[in-house]
Amino acid sequence: MSTVVAPIAGVSTSEPNFYARKGIASWLLTTDHKRIGILYLTSMMTFFLVGMTFGVFMRLEHLSMGPTIMKPTTYNALFTLHGVMMIFLFVIPGLSAVFGNFFLPIMIGAKDVAFPRLNLLSWYLFMTGATVSLSSLFTGSGPPDTGWSFYVPYSVRTGTNVTMAVFGVFLIGFSSIITGLNFITTMHRLRTKGMNWMRMPLFPWALYATAWVQVLATPILGITLLLVMLERLFHLGIFDPSIGGDPILYQHLFWTYSHPAVYIMILPAMGAISEIIPTFAHRTIFGYRAIVLSSMGIAAIGSLVWAHHMFTSGMSEFAIVVFSLLTFLVSIPSAIKVFNWVATLYKGSVELRSPMLFALAFVFLFSIGGLTGLFQGALAVNVHVHDTYFIVGHFHYVMFGGTGFAFFAALHYWYPKMFGRMYSERTAIVAFVHIFVGFNLLYFTFLILGLQGMPRRYYDHLPRFHTGHIWATIGSWIMVAGLLLMVANLVRGLFRKTTVPANPWGGVTLEWTVPSPPPTENFAVLPVITERAYTFNPAAKEPA
Amino acid sequence: MSVSAEPQTADPGSEHAGEHRDYVGAKLGMWIFVFTELILFGGLFVAYGMYRSMHAHDFHKASGELNLTLGVINTVVLLTSSLTMVLSIVAIRLQRKRQSMLFLACTMLLGAIFLVNKFFEWKAKFRHGVYPGSEHLMARPPGERLFFGLYFGMTGLHGLHVTVGVVVMSVMLALLARNRIHHSDFIKLENTGLYWHLVDIIWIFLLPLFYLAA
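Going down the list, the protein sequences come from chains A and B. Start counting the first sequence at 1; every next residue gets the next number (the numbering used here). Start counting the second sequence at 545; every next residue gets the next number (the numbering used here).
Bound conformation, chain A alone (with noise of 0.2 angstroms):
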């Protein structure tokens, strides 16, 4: 990969980088992928706010017994709004969206994504809909109140905002389409010479995956979606057991989507990982192949084990037998990946920069969110923690301590390159040090109320849970001393007068050989590859 024939860098350092042209117009009418990624970028940031302040008042509220700070429906609302907001308008298009946009078409050596206007495009519909189901929120009858999931019948019945939650959520899932089809495109025509399948990096390898079931999962939440509404609006009957419909068909429908949409959220975290770690132990990643190979074997069984969300809504015995058998199935290539990254630090020599921390704490995090999935997928365990704070507990552990932190270990990661600046090493590191303690300690403390029997989506608790409920609530506060000092230490960074090289980590993909931030065009010539990826040469590494 490090081969390349002309000297990129020396001529495209004359050329304006791609934030040279000015006014709000340039922006908002930009096809250029890396504004792109960059109005995503602030978007979704300006959303995980939001979504986290959600979070702690919920945990405030369980700080002392009883009603305090608000109302069971208003209680209703929060956790409604916050899983709406964390699923969809951060989690799950994030990585994609921001990175993948931005670092996509760098990495295969390509100028832009093949359509760059359907991708402007899709940033609008994302928009739209973010601002639709946030202002279910003030309009009609009251927030939300059926938590993310939108299960029927209730969410026929409720006299809450609903059709308009519901919706924006359908126009985001196009975007999220949109997203999909152009990077399938974009991989299959637009690799640079050279750059063959099995030479490319896998962070596009995994957002390869990822596009495939964005396209293939998410019609199914699309027709879903627009089901419940019509069901709102029109009482159609597909789901309304008063009518005759089936409300376990609804839930197939959903999960059939939102499982495979775990592996939306995860699959290009994974990628991202699989980038930082080799850069930072300054080593080849192990087990190229058996990376490549396990993203589509998540993407694939990953499509198979919707159901086991539905372990006690009643199925027939044989199909629980057969989803917790292909529930365990999908743990084996999650886990190839945990060993090749271990793998690939056994002899590197292994440098703790910020992006590596929230890299191996990813890889940490991830670990207990999987482990704890296992529980789940074993039936007579799996009944004993439905719908309690276990599996709160996991899936934050999966989708925040999984995809939060390779989100977070990302933008470490690839900040340099997008805005040409630096942020403070050392704030970088007190921050992550606060999210990770405040994550374990708000997270795990989960995992033992759920254990203990917390059930989930009540605003209130029994005496005996007092305890672990202060504690977590104490975890939410360093984690979000954390985060905010995370996020302040970006800003300012931001402002900062030094300029930094084309490769301040010694990375070895395209992207570390074009400027920071990059020029419009990418390359003023197109790279040649010669050799496979993550090909180390010990010289590469600039002065900083």
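Just to be clear, a hint being listed does not mean it is correct.
Pairs of lysine-lysine residues, derived as DSS-like cross-links and limited to a Cα-Cα distance of at most 25 angstroms, are as follows [what the hints assert, rightly or not]:
1. A:Lys193 with B:Lys571
2. B:Lys662 with B:Lys605
3. B:Lys605 with B:Lys669
4. A:Lys193 with A:Lys111
5. B:Lys571 with A:Lys111
6. B:Lys605 with B:Lys667
Take a look, some chain A residues computed to stay more than 12 angstroms from chain B by CB distance [unchecked claim]:
7. Ser141
8. Ser149
9. Thr163
10. Met310
11. Gly348
12. Val363
13. Ile368
14. His434
15. Gln452
16. Thr473
17. Leu485
18. Arg492
The following label-pair restraints were derived from C-beta to C-beta distances [said to hold, decoys possible]:
19. A:Leu63 with B:Pro685: 49 to 55 angstroms
20. B:Met598 with A:Thr284: 55 to 61 angstroms
21. B:Tyr567 with A:Tyr124: 22 to 28 angstroms
22. B:Val634 with A:Pro501: 52 to 58 angstroms
23. B:Leu612 with A:Ser316: 34 to 40 angstroms
24. B:Val590 with A:Ser331: 23 to 29 angstroms
25. A:Ala300 with B:Phe749: 22 to 28 angstroms
26. A:Val381 with B:Pro752: 45 to 51 angstroms
27. B:Tyr567 with A:Val525: 22 to 28 angstroms
Don't read these hints as lab results, they were simulated from the structure. A virtual CB, placed ideally from N, CA and C, is assigned to each residue, including glycine.
Take the given structure of chain A and dock chain B to it, following the hints.
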């Protein structure tokens, strides 16, 4: 859910002036989009299959109430429109712009005829009190309610796709008139054609499932 007409190659002079037109890429993108549409309808087909196996008798009975004649006429109309669509693409490849526009206009007209037929069909049902949530329908067995729920849902979503198709074709007509689509760059028209055939083939499945189930 259609953006089939979305311009898929950038104009010269935009931010990426050096962009080349990628015929294969544009077509690949469209095929993937067609897949997503199939899966979108797939959810409804799953619901249909499940409820029909649960309420076979009710479905059989309710199906007899649909107007088979109108259904068959609409099938012929839509199949013919797919033919004119193909002819329009062939014509532009042979540099016969007027002919291409004429065939495209025919396709739009046939699409509109389909929608008008559908309108009268729905109107007749509504007049008999058969619409989702109506008292008349609620008095009937659950299987029949579900049949009509699915009928209005699926033909409604299909009708929406036909409408979008006609709108997209009117854009293509304008592009043809301004020579933005010509014999060496006709991928937009061809992708519109792909979309239109998708709409067509979904109808080919809807016809037996609803009209011929009796």
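Here's how the hints hold up against the structure:
| no. | hint | in the structure |
| --- | --- | --- |
| 1 | A:Lys193 with B:Lys571 | holds (22 angstroms) |
| 2 | B:Lys662 with B:Lys605 | holds (21 angstroms) |
| 3 | B:Lys605 with B:Lys669 | holds (15 angstroms) |
| 4 | A:Lys193 with A:Lys111 | holds (13 angstroms) |
| 5 | B:Lys571 with A:Lys111 | holds (20 angstroms) |
| 6 | B:Lys605 with B:Lys667 | holds (20 angstroms) |
| 7 | Ser141 | holds (19 angstroms) |
| 8 | Ser149 | holds (16 angstroms) |
| 9 | Thr163 | holds (15 angstroms) |
| 10 | Met310 | holds (15 angstroms) |
| 11 | Gly348 | holds (38 angstroms) |
| 12 | Val363 | holds (33 angstroms) |
| 13 | Ile368 | holds (34 angstroms) |
| 14 | His434 | holds (40 angstroms) |
| 15 | Gln452 | holds (39 angstroms) |
| 16 | Thr473 | holds (41 angstroms) |
| 17 | Leu485 | holds (36 angstroms) |
| 18 | Arg492 | holds (30 angstroms) |
| 19 | A:Leu63 with B:Pro685: 49 to 55 angstroms | holds (53 angstroms) |
| 20 | B:Met598 with A:Thr284: 55 to 61 angstroms | holds (56 angstroms) |
| 21 | B:Tyr567 with A:Tyr124: 22 to 28 angstroms | holds (26 angstroms) |
| 22 | B:Val634 with A:Pro501: 52 to 58 angstroms | holds (56 angstroms) |
| 23 | B:Leu612 with A:Ser316: 34 to 40 angstroms | holds (37 angstroms) |
| 24 | B:Val590 with A:Ser331: 23 to 29 angstroms | holds (28 angstroms) |
| 25 | A:Ala300 with B:Phe749: 22 to 28 angstroms | holds (27 angstroms) |
| 26 | A:Val381 with B:Pro752: 45 to 51 angstroms | holds (46 angstroms) |
| 27 | B:Tyr567 with A:Val525: 22 to 28 angstroms | holds (25 angstroms) |
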